[in-house]
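Trainee: Take the given structure of chain L and dock chain E to it, following the hints.
Read off the chains here:
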Amino acid sequence: MDVVVSQVFTGLSIGSILLLAAIGLALTFGQMGVINMAHGEFIMAGGYTAFVVQGLFDNAGVGLLLSIPVAFLVGGLLGVVLEMTLLRRMYHRPLDTLLVTYGVSLILQQLAKNIFGTQGKSVRTPTWLQGPLELFGFDFPKTRVFVLVLAVVTVVGLSVALKTTSLGRRIRATVQNRQLAECSGISSRATDRLTFFLGSGLAGIAGVALTQLSPVNSSVGQSYIINAFLIVVVGGIGQIKGAVIAAFVLGIGQAALEKIYDASLARIIVFVAIVAFLQLRPQGIFNVRTRSLA
Amino acid sequence: MKALTSSRFSAFIPFLVAAAVLFVLAPAVLSDFRLNLLARYLCFAIVAVGIGLAWGSGGMLTLGQGVFFGLGAYAMGLHMKLDDAGPGRAPDYMPPTTDFLPGWVEMFRSGIVTIVAIALLPALVALVLGLATFKRKVRGAYFAILSQALAAAFALLIIVLGSQSGNYTNGTNGLNNFRSFFGYDLDDPANQKMLFFIAAGFLLVMVAIARQLRNSRYGELLRACQSSEERVRFLGYDPANVKVVAYVIAAAMAGIGGALFVPVVGIITPLDVGVAPSIAMLIGVAIGGRGTLWGPVLGAIGVAWAQSTLSEQFPAFWTYIQGALFIVVIAFLPGGIAGVGAAIRNARGRWDDRRRGRTDPPAANPVETVKHDVGSMA
Chain L
1 MDVVVSQVFT GLSIGSILLL AAIGLALTFG QMGVINMAHG EFIMAGGYTA
51 FVVQGLFDNA GVGLLLSIPV AFLVGGLLGV VLEMTLLRRM YHRPLDTLLV
101 TYGVSLILQQ LAKNIFGTQG KSVRTPTWLQ GPLELFGFDF PKTRVFVLVL
151 AVVTVVGLSV ALKTTSLGRR IRATVQNRQL AECSGISSRA TDRLTFFLGS
201 GLAGIAGVAL TQLSPVNSSV GQSYIINAFL IVVVGGIGQI KGAVIAAFVL
251 GIGQAALEKI YDASLARIIV FVAIVAFLQL RPQGIFNVRT RSLA
Chain E
1 MKALTSSRFS AFIPFLVAAA VLFVLAPAVL SDFRLNLLAR YLCFAIVAVG
51 IGLAWGSGGM LTLGQGVFFG LGAYAMGLHM KLDDAGPGRA PDYMPPTTDF
101 LPGWVEMFRS GIVTIVAIAL LPALVALVLG LATFKRKVRG AYFAILSQAL
151 AAAFALLIIV LGSQSGNYTN GTNGLNNFRS FFGYDLDDPA NQKMLFFIAA
201 GFLLVMVAIA RQLRNSRYGE LLRACQSSEE RVRFLGYDPA NVKVVAYVIA
251 AAMAGIGGAL FVPVVGIITP LDVGVAPSIA MLIGVAIGGR GTLWGPVLGA
301 IGVAWAQSTL SEQFPAFWTY IQGALFIVVI AFLPGGIAGV GAAIRNARGR
351 WDDRRRGRTD PPAANPVETV KHDVGSMA
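Residue numbers (this note's numbering), protein chains in the order written: chain L, 1 to 294; chain E, 1 to 378.
Here chain L stands alone, though its shape is the one from the complex:
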């Protein structure tokens, strides 16, 4: 029983980071149909931001909390720059955006290597996150609880914002039917830019979260991006609830399989399972009917 609970919990925390990584991707992917391979490097940038911000403070707790909004800004600005310089021109060639942003991701990785070195940089854990949290007679590592809480707060905040604010309504309208949205006076250009800011900013937050589980290095984005994409595919594009379910199922599945087999085999099984799942539901768990990708 202990093992089951701790594995499910580990799975939930893996799922939380995957969710933070995928939710921004689902947003930007759903918005313009572009595939941002550099999204993983925005996660990396968030992680390094946490490292840099914490270097400015003696108190690890203040550093960590402050790095969340800063990383959001850093990731968001990177996304806006990418959208303005490259993606905007390639709106009608979604497949090509994948390769262009892969080029961007190569450059960002090498840049990170040159600035921060190849060694992983660890971010200190504040005292209030050290040790276990006792709940219902079980011990949960506080860092993993933090990651879980951060993911839940972020995703709930995002879905409330998408439902209630006018920006959220504009984003949803553009995702569902760009032309109709434009007809009703929404500037899809401006919406695209804001969506990219939001989605990429979420990648920055994911970066901060993962510093509490492992050190940041230049290849951290690569190790998350494929799983994040798979979650978006399984969840159905532009769908928050789909991404949430897919991320947690994938996280728990991975944690469970890792307990039985080893980590590599677990990933292979997860991949095969996803291809099999797409045989049943090619559109993902949820789908928006009006959208189709080239």
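Treat the hints loosely; a few may be bogus.
[To be verified] Computed, partial: chain L to chain E, Cβ under 7 Å:
1) V100
2) Y102
3) G103
4) L106
5) I107
6) L129
7) L148
8) L150
9) L213
10) I268
11) I269
12) F271
13) V275
14) P282
To be clear, the hints were calculated from the coordinates, so they are not data collected in a lab. We put the CB at the ideal spot given by N, CA and C, even for glycine.
Mentor: Chain E only, in chain L's frame:
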């Protein structure tokens, strides 16, 4: 009739030039070392021909060609290791006590089985994944992501097969230290030269196959799938079948390229078959011109050459160059170098129009033109 024969002949001219360069000029002017390097580039060019077919003609962005390359390479590598070890004995990287090998390893002891497997294994994997995705109308971005995930899973599988209960693939170290290639000593420069000619011959055959396919009715269907799958369906064809054929052929070509890579280079590791090399295989194709017959070949050779000259001395520099190439070529030169002429003509046309005081070409914006005409009449 005369025109037909001369155009038939002119189609052969590039082949004749390529054959002359590969079989006469290159061996005459290049040292053994350089010739071996060129043979390595030719292996990637063979993969590129397949990518040109699947991506350039069929519009399938295959981000997992490393899988098929790796299947061919590991089939060949296992065969060479087993052959070096001698009948009934295990390869040198396995513990000497290993006296029982599973059937799937043992079958690569046979040269004929290996040669068949090199093309057949990748083709089968491509067939399964292709049918699983295209038949369910999973396409475009989704197919790209799945093929990429396949590459990640495959690289892991190779590592798992080298670390679990039996060390079959030598894990992250990969297969290396080969002594012979179907009985021919690999240290002998004459045999290395032979390998170069084999690679060159295969490349020409693959290009010829690609040309026949492109110019056939099938080629037209494939390009039609790229522009509109729905219309192909309305014509009574199943676009899934059309695409699967190109994907399977591209996979087989990648397998052959991988199989030749192993004796030429002398090592194959999981690092050569994962996500990053799979995507890197696309850049040469993009630069040369994905939609053309020879563009992918020349682009792949050029990029492989640039990489081996630049990356050994300045690895960081090469990564920046590679990233910049992806950005510049894909975003601004989607036709590749083959499309430069058209791009310049286009830009020139726009420039001329602007000088004549027209901001937009008339055909592109009829509304503007009408307004202009009304204005001049008034």
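Trainee: Each of the hints needs a verdict: does it hold here or not?
Mentor: Here is how each hint holds up against the structure:
About 5 Å separates the beta-carbon of V100 (chain L) from the nearest beta-carbon of chain E, less than 7 Å, and the hint is met. Interface restraint check: Y102 (chain L) against chain E, minimum CB-CB distance 6 Å, threshold 7 Å, status holds. A least Cβ separation of about 3 Å between G103 (chain L) and chain E falls short of the 7 Å threshold, and the interface hint therefore holds. Interface restraint check: L106 (chain L) against chain E, minimum CB-CB distance 4 Å, threshold 7 Å, status holds.
This hint holds: I107 (chain L) has a C-beta 4 Å from the nearest C-beta of chain E, less than the 7 Å allowed. With a cut of 7 Å, the hint placing L129 (chain L) at the interface with chain E is violated, because the nearest CB-to-CB distance is about 31 Å. Given the 7 Å rule on beta carbons, the hint for L148 (chain L) is violated: about 25 Å separates it from the nearest Cβ of chain E. For the restraint placing L150 (chain L) at the interface with chain E, the shortest Cβ-Cβ distance is roughly 26 Å, beyond the 7 Å limit, so the hint is violated.
Interface hint at L213 (chain L): violated, since its Cβ lies 20 Å from the closest Cβ of chain E, which is beyond the 7 Å cut-off. Checking I268 (chain L) against chain E: minimum C-beta separation of about 5 Å stays under 7 Å; hint holds. With a least beta-carbon distance of about 9 Å to chain E, the hint placing I269 (chain L) at the interface is violated under the 7 Å criterion. Because the closest C-beta pair between F271 (chain L) and chain E is about 4 Å apart, less than 7 Å, the hint holds.
For V275 (chain L), the suggested interface contact is upheld, since its CB lies about 6 Å from the closest CB of chain E, less than 7 Å. Of the supplied interface hints, the one on P282 (chain L) holds, with its beta-carbon coming within about 4 Å of a beta-carbon of chain E, less than 7 Å.
In terms of the numbered hints stated before, the structure departs from hints 6, 7, 8, 9, 11, listed from lowest to highest.
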